[in-house]
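Colleague: Residues per chain are reported as follows:
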Amino acid sequence: MIELKEIEKLEELSRIEMTLDEKKELQKDFESILDYVSEIQGVVTDLNDSSKQPLDPLHNVMREDNNANEEGLYTDRILKSAPKNEKGYIKVKKIL
Amino acid sequence: MDIEKLTIKTAHEHLKNKDFSSVDLTESFLQNAVEKNKDINAYVEIFDDCKKQAELADKVISEGKEISSLTGIPLAIKDNILIEGKSATSCSKILNGYIATYDATVIEKLKATNAVFLGRANMDEFAMGGSTETSCYGPTKNPHDLTRVPGGSSGGSASAVAMNGALAALGSDTGGSIRQPGSFCGVVGLKPTYGAVSRFGVMAMASSLDQVGPIAKTVEDAELLFEAIRGYDSKDSMSTNAEVEKVYKRESKEKYTIGVPADFVYAEGVDQGVLDNFKASLEKLKNLGHKVKEISLPNLKYSLAVYYIIMPAEASTNLARFDGVRFGLLKESDTLFSDYAKTRGFGFGKEVRRRVMLGAYVLSSGYYDAYYNKAVAVRNIIKSDFKKAFEDVDIIATPTSPIPAFKIGEKSADPLQMYLADIFTVPANLAGIPAMSVPSGFLEKEGKNLPLGMQFLAPHFQEKTLFAIGKDLEVQNK
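First to last, the sequence lines map onto chains S and F.
In this text, residue positions in the first sequence follow the numbering used here: the first is 1, and each later residue adds one.
In this text, residue positions in the second sequence follow the numbering used here: the first is 1, and each later residue adds one.
Rather than coming from a laboratory, the hints here were simulated on the basis of the structure.
Wrong hints could be hidden among the right ones.
Distance condition first, Cα-Cα at most 30 angstroms in a straight line; then the derived BS3-like pairs of lysine-lysine [to be verified]:
(1) S:Lys87 - F:Lys86
(2) F:Lys93 - S:Lys9
(3) S:Lys24 - F:Lys350
(4) S:Lys84 - F:Lys235
(5) S:Lys28 - F:Lys235
(6) S:Lys5 - S:Lys28
(7) F:Lys407 - S:Lys80
(8) F:Lys93 - S:Lys87
(9) F:Lys331 - S:Lys91
(10) S:Lys80 - F:Lys51
(11) F:Lys388 - F:Lys286
(12) F:Lys331 - S:Lys24
(13) S:Lys9 - S:Lys93
(14) S:Lys80 - F:Lys111
(15) S:Lys91 - F:Lys342
(16) F:Lys52 - F:Lys38
(17) S:Lys23 - F:Lys38
(18) F:Lys342 - F:Lys331
(19) F:Lys93 - S:Lys24
(20) S:Lys23 - F:Lys407
(21) S:Lys23 - F:Lys286
Going by beta-carbon spacing under 8 angstroms, a handful of chain F positions derived as facing chain S [to be verified]:
(22) Tyr98
(23) Ile99
(24) Arg326
(25) Asp339
(26) Ala389
(27) Val393
In this text, all values refer to a predicted model and were calculated from it rather than measured experimentally.
Idealized CB from N, CA, C, for every residue including glycine.
Put together the whole structure using the sequences plus the hints.
Modeller: Set out below in structure tokens:
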């Protein structure tokens, strides 16, 4: 059983404000979802087992840092999508 | 002009022969789209510049140059795909008012063919759902029965095509979001191989699973649209390089061996009518000379559990960018932190909140190994299962969905019940292989004929195999 305290921790981690009723509802949903997805626990017992490693290991995809956009080409358009901007910057509340 | 009978292929011939213009074609579809949309709500916006786009296509056609099969063809575009200068919201309140600042690569490619974009298609919020009920614009209805869902998350795209409100549409598929609505609405839906189509400019949900693909009336049309949007793109780092082109161009065989994962397909919870239809479809394919073989994919049954760990983990990360600072909506409070929390609390709907929280849970320290890392390991086992299976068979077949279209509201109260409807579609995303849903007939429920779909899966980059077998089934059903 997942505790309400844990749901509140997730609320904070996810930066999503919720009502108490919704948190209680989520507590219930989490129980059935986690119970269902936990069926994989027994399939793999040793995470270091080499037969469980990927067939196609991931690799980094790199590119040269060239062909940059002309400076300022998209600035206005992108700033316009931000709810608040000032003098060519996106504006947020002070943090410190 | 009989728009019900038109396909991309036949409309293209008519355009070339100047039987009608793209303006005529576009206006016929628009008129029907506006009319049908009142009941069906497939479109959340119909663009005001369709005629201008069609005029441009007509100009290209009149110049007598070689034209693409997509030139002048009216399409619906899912609301998570960016078209410069147009609103794009993923049907979420949090992106209310957002105007795309650039074109997605798939849009750029389609613009180069002078295809016509009719409007933005409805979807589950951020593509999270299997019914198009979580859209902030209200649910889309199934054109075959207005009391039922069209499937999801690309339910608007599939309905737009099924109601003859567009000749074809683009959707996105993370766990079945093109194929399942395709099957519920009686149209073809293709999830291409992971990496075959660029996702640049498509709002990300789960980056290791997402693909963009076509929804169309016929397999041939799906193939034409897929051909127009596929290809390497340096702006999507998971896009594939030239090496794969060789695999894709491999000659297709005449007769295939079709594998059926029997213990997975004939399991509990699959509607008897769906199973009967599936068996009948297999018989039809056998009659054409294809072989059907029972195969074992022993770990396939864990796909859904793996998916509902990996997908929310990636979604919670991807959706961190919606914070009230850079795009769309801002709900102000007294600190920056509470600005984030208020904006996201107000802007995200219930299912999105649930998945972001679930993602945060499986990624949090203490649970990371038990959930996320184990899911990744089991995903690798499922991939090897597929690899082994494809040593014996060319194609794997399953029903697309265990049930036909369900009633609006029937599953929205119980998230797990909704998730279970993805059982057959999720494995292809986990393995990165291409899969396509092809209409396979109808099932009568409460006096209405509900469409069903058969799903075909093929090895990486063998979309051609899917098109070949899909056309065979299509011919049998005509």
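Colleague: Could you run down the list of hints and mark each one as holding or not?
Modeller: Each hint, compared with the structure:
1. S:Lys87 - F:Lys86: 25 angstroms, holds
2. F:Lys93 - S:Lys9: It holds: about 24 angstroms lies between the C-alpha atoms, which stays within 30 angstroms.
3. S:Lys24 - F:Lys350: 13 angstroms, holds
4. S:Lys84 - F:Lys235: 28 angstroms, holds
5. S:Lys28 - F:Lys235: 41 angstroms, violated
6. S:Lys5 - S:Lys28: With a Cα-Cα distance of about 14 angstroms, the restraint between Lys5 of chain S and Lys28 of chain S holds, given a limit of 30 angstroms.
7. F:Lys407 - S:Lys80: Roughly 41 angstroms separates the two Cα atoms, so the pair is violated.
8. F:Lys93 - S:Lys87: Holds. Lys93 of chain F to Lys87 of chain S sits at ~27 angstroms (cutoff 30 angstroms).
9. F:Lys331 - S:Lys91: 14 angstroms, holds
10. S:Lys80 - F:Lys51: 28 angstroms, holds
11. F:Lys388 - F:Lys286: 23 angstroms, holds
12. F:Lys331 - S:Lys24: 24 angstroms, holds
13. S:Lys9 - S:Lys93: Within the cut-off at roughly 23 angstroms; holds.
14. S:Lys80 - F:Lys111: 24 angstroms, holds
15. S:Lys91 - F:Lys342: 17 angstroms, holds
16. F:Lys52 - F:Lys38: Roughly 24 angstroms between the alpha carbons, so the hint for Lys52 of chain F and Lys38 of chain F holds.
17. S:Lys23 - F:Lys38: 36 angstroms, violated
18. F:Lys342 - F:Lys331: OK: Lys342 of chain F and Lys331 of chain F at ~6 angstroms, within 30 angstroms.
19. F:Lys93 - S:Lys24: Holds: Lys93 of chain F and Lys24 of chain S sit about 23 angstroms apart, inside 30 angstroms.
20. S:Lys23 - F:Lys407: 27 angstroms, holds
21. S:Lys23 - F:Lys286: Given that 30 angstroms is the threshold and the Cα spacing comes to 53 angstroms, the pair is violated.
22. Tyr98: 6 angstroms, holds
23. Ile99: 7 angstroms, holds
24. Arg326: Nearest chain S Cβ about 5 angstroms off; hint holds.
25. Asp339: Status holds, d = 6 angstroms.
26. Ala389: Violated, about 14 angstroms.
27. Val393: 18 angstroms, violated
Of the numbered hints stated above, those contradicted by the structure are hints 5, 7, 17, 21, 26 and 27, listed in ascending order.
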